[in-house]
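Number of protein chains: 2
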Amino acid sequence: MKKLNSSMQLTRAADYAIRVMTQLAASKTEERISLPELARATGAPESFLSKVLQTLTRAGLIVSRRGQAGGFRLTPRGGKATMREVVEAIDGEILLNICLFSGRSCPRKTRCTAHPVWVKAQEAMLKVLSGAKISTLAAKR
Amino acid sequence: MKKLNSSMQLTRAADYAIRVMTQLAASKTEERISLPELARATGAPESFLSKVLQTLTRAGLIVSRRGQAGGFRLTPRGGKATMREVVEAIDGEILLNICLFSGRSCPRKTRCTAHPVWVKAQEAMLKVLSGAKISTLAAKR
Numbered sequence: 003m004k005k006l007n008s009s010m011q012l013t014r015a016a017d018y019a020i021r022v023m024t025q026l027a028a029s030k031t032e033e034r035i036s037l038p039e040l041a042r043a044t045g046a047p048e049s050f051l052s053k054v055l056q057t058l059t060r061a062g063l064i065v066s067r068r069g070q071a072g073g074f075r076l077t078p079r080g081g082k083a084t085m086r087e088v089v090e091a092i093d094g095e096i097l098l099n100i101c102l103f104s105g106r107s108c109p110r111k112t113r114c115t116a117h118p119v120w121v122k123a124q125e126a127m128l129k130v131l132s133g134a135k136i137s138t139l140a141a142k143r
Numbered sequence: 003m004k005k006l007n008s009s010m011q012l013t014r015a016a017d018y019a020i021r022v023m024t025q026l027a028a029s030k031t032e033e034r035i036s037l038p039e040l041a042r043a044t045g046a047p048e049s050f051l052s053k054v055l056q057t058l059t060r061a062g063l064i065v066s067r068r069g070q071a072g073g074f075r076l077t078p079r080g081g082k083a084t085m086r087e088v089v090e091a092i093d094g095e096i097l098l099n100i101c102l103f104s105g106r107s108c109p110r111k112t113r114c115t116a117h118p119v120w121v122k123a124q125e126a127m128l129k130v131l132s133g134a135k136i137s138t139l140a141a142k143r
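Line order of the protein sequences matches chains A and B.
Just so you know, we're using the working numbering here: the first sequence kicks off at 3 and counts up by one.
Just so you know, we're using the working numbering here: the second sequence kicks off at 3 and counts up by one.
Source of the hints: derived by calculation from the structure; they are not laboratory data.
The structure displayed is predicted, hence computed values, not measured ones.
C-beta: ideal position from N, C-alpha, C; glycine also.
It cannot be assumed that every hint is accurate.
Label-pair ranges, simulated between beta-carbon atoms [as the list claims (entries may be wrong)]:
#1 A:Thr-57 <-> B:Gly-72: 46 to 56 Å
#2 A:Thr-59 <-> B:Lys-135: 40 to 50 Å
#3 A:Gly-94 <-> B:Lys-142: 47 to 57 Å
#4 A:Ser-132 <-> B:Pro-78: 50 to 60 Å
#5 B:Arg-113 <-> A:Val-121: 29 to 39 Å
In silico DSSO-like cross-links for lysine-lysine, where the CA-CA straight-line distance does not exceed 27 Å [unchecked claim]:
#6 B:Lys-82 <-> B:Lys-53
#7 B:Lys-135 <-> A:Lys-129
#8 B:Lys-111 <-> A:Lys-30
#9 B:Lys-111 <-> A:Lys-129
#10 B:Lys-53 <-> A:Lys-111
#11 A:Lys-129 <-> B:Lys-30
#12 B:Lys-135 <-> B:Lys-122
#13 B:Lys-129 <-> A:Lys-135
#14 A:Lys-122 <-> B:Lys-122
#15 B:Lys-122 <-> A:Lys-129
#16 A:Lys-122 <-> B:Lys-142
#17 A:Lys-111 <-> A:Lys-129
#18 A:Lys-122 <-> A:Lys-135
#19 A:Lys-82 <-> B:Lys-122
#20 A:Lys-142 <-> B:Lys-122
#21 B:Lys-142 <-> B:Lys-82
#22 B:Lys-129 <-> B:Lys-142
#23 B:Lys-111 <-> A:Lys-135
#24 A:Lys-53 <-> A:Lys-30
#25 A:Lys-135 <-> A:Lys-82
#26 B:Lys-53 <-> A:Lys-142
#27 B:Lys-30 <-> A:Lys-111
#28 B:Lys-129 <-> B:Lys-82
#29 B:Lys-30 <-> B:Lys-82
#30 B:Lys-135 <-> A:Lys-122
#31 A:Lys-142 <-> B:Lys-30
#32 A:Lys-142 <-> A:Lys-82
#33 B:Lys-122 <-> B:Lys-111
#34 B:Lys-111 <-> A:Lys-82
#35 A:Lys-142 <-> B:Lys-82
#36 B:Lys-30 <-> B:Lys-142
#37 B:Lys-129 <-> A:Lys-111
#38 B:Lys-142 <-> A:Lys-111
#39 A:Lys-53 <-> B:Lys-129
#40 B:Lys-111 <-> A:Lys-111
The shape of chain A in the complex, shown without the other chains (with noise of 0.2 Å):
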């Protein structure tokens, strides 16, 4: 038996947040969806999926009501977020290797050959990522 879990792996927040995402692009422009009805939705658990919510808000991507008519809906940014900007939002800035961090040079980039093909590696995934608009996969589904 294989392991599930493997390093170079997304959140399980992040896939959440893509899902709650593609849920809430899929509807109209004015409803509001609520907590319990987004967790029937993505099958995520509600209370896990409250905080996956407050941090795309505070992200500025979704907006949310409360009381009798609340829920949630998209911003007008996050009604054109990739799954690039949906999965930074939640796990930070996307390194397949600490080399990457650009707030940090590492004390071997220059002899080390490795680091070139980890570049290439990172913007080729980054490409299929940015490309990739919620709003598409709302409207494919």
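We have chain A; now place chain B onto it with these hints.
Showing chain B alone in chain A's frame:
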């Protein structure tokens, strides 16, 4: 200050494994390199590197000999290894998202429009890592 660790990140062990494989590939065929020498060359702590070397040995990528003239060298298979093979020897199968795990079908797969994007992102990344031979990294230094 952005955080240094993100999801989707290579383990430090796999990073050291690539360094040590490149170091061994750069040395003469019959030469064996000792643990302290490898630790110095890769900047990895000896005790940690020792575990990485054990895993690479079990994976058939390197061999070790004990004693005075002992040390590590690549196996013929190790000499042909790619970055992908070295990472997977340490971290297991690379899976950007758990939904890509080949041994288990995701129940949401048929209606999840993000799934094909993850497949594409993973393929793009693996293509780069599968194309990067350790021997080429060693020759470029």
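Going through the hints against the structure:
1. A:Thr-57 <-> B:Gly-72: 46 to 56 Å: holds (52 Å)
2. A:Thr-59 <-> B:Lys-135: 40 to 50 Å: The hint (40 to 50 Å, Cβ to Cβ) holds, given that A:Thr-59 and B:Lys-135 are roughly 46 Å apart.
3. A:Gly-94 <-> B:Lys-142: 47 to 57 Å: Once the Cβ atoms are compared, 31 Å apart, the range 47 to 57 Å for B:Lys-142 and A:Gly-94 is violated.
4. A:Ser-132 <-> B:Pro-78: 50 to 60 Å: violated (40 Å)
5. B:Arg-113 <-> A:Val-121: 29 to 39 Å: For B:Arg-113 and A:Val-121 the Cβ distance comes to about 35 Å; the hint holds.
6. B:Lys-82 <-> B:Lys-53: holds (22 Å)
7. B:Lys-135 <-> A:Lys-129: At roughly 23 Å apart (the allowed maximum being 27 Å), A:Lys-129 and B:Lys-135 satisfy the hint.
8. B:Lys-111 <-> A:Lys-30: holds (24 Å)
9. B:Lys-111 <-> A:Lys-129: holds (22 Å)
10. B:Lys-53 <-> A:Lys-111: Holds: B:Lys-53 and A:Lys-111 sit about 24 Å apart, inside 27 Å.
11. A:Lys-129 <-> B:Lys-30: violated (39 Å)
12. B:Lys-135 <-> B:Lys-122: Between B:Lys-135 and B:Lys-122 the Cα gap is close to 22 Å, so the pair holds against 27 Å.
13. B:Lys-129 <-> A:Lys-135: This hinted pair holds, its Cα atoms lying about 23 Å apart.
14. A:Lys-122 <-> B:Lys-122: Judged against 27 Å, a Cα distance of about 15 Å means the pair holds.
15. B:Lys-122 <-> A:Lys-129: holds (10 Å)
16. A:Lys-122 <-> B:Lys-142: The hint holds at about 16 Å.
17. A:Lys-111 <-> A:Lys-129: Roughly 23 Å between the alpha carbons, so the hint for A:Lys-111 and A:Lys-129 holds.
18. A:Lys-122 <-> A:Lys-135: holds (22 Å)
19. A:Lys-82 <-> B:Lys-122: holds (21 Å)
20. A:Lys-142 <-> B:Lys-122: holds (16 Å)
21. B:Lys-142 <-> B:Lys-82: Status holds; Cα separation ~15 Å.
22. B:Lys-129 <-> B:Lys-142: holds (20 Å)
23. B:Lys-111 <-> A:Lys-135: Satisfied, since the Cα-Cα distance of roughly 18 Å is no more than 27 Å.
24. A:Lys-53 <-> A:Lys-30: holds (24 Å)
25. A:Lys-135 <-> A:Lys-82: holds (7 Å)
26. B:Lys-53 <-> A:Lys-142: Given pair B:Lys-53, A:Lys-142 is violated - Cα atoms ~47 Å apart, limit 27 Å.
27. B:Lys-30 <-> A:Lys-111: holds (24 Å)
28. B:Lys-129 <-> B:Lys-82: holds (16 Å)
29. B:Lys-30 <-> B:Lys-82: holds (15 Å)
30. B:Lys-135 <-> A:Lys-122: Between B:Lys-135 and A:Lys-122 the Cα gap is close to 14 Å, so the pair holds against 27 Å.
31. A:Lys-142 <-> B:Lys-30: violated (55 Å)
32. A:Lys-142 <-> A:Lys-82: holds (15 Å)
33. B:Lys-122 <-> B:Lys-111: Satisfied, since the Cα-Cα distance of roughly 14 Å is no more than 27 Å.
34. B:Lys-111 <-> A:Lys-82: holds (24 Å)
35. A:Lys-142 <-> B:Lys-82: violated (42 Å)
36. B:Lys-30 <-> B:Lys-142: Holds: B:Lys-30 and B:Lys-142 sit about 15 Å apart, inside 27 Å.
37. B:Lys-129 <-> A:Lys-111: OK: B:Lys-129 and A:Lys-111 at ~22 Å, within 27 Å.
38. B:Lys-142 <-> A:Lys-111: holds (13 Å)
39. A:Lys-53 <-> B:Lys-129: Judged against 27 Å, a Cα distance of about 35 Å means the pair is violated.
40. B:Lys-111 <-> A:Lys-111: violated (40 Å)
In this structure, the earlier hints numbered 3, 4, 11, 26, 31, 35, 39, 40 are contradicted, and the remaining ones agree with it.
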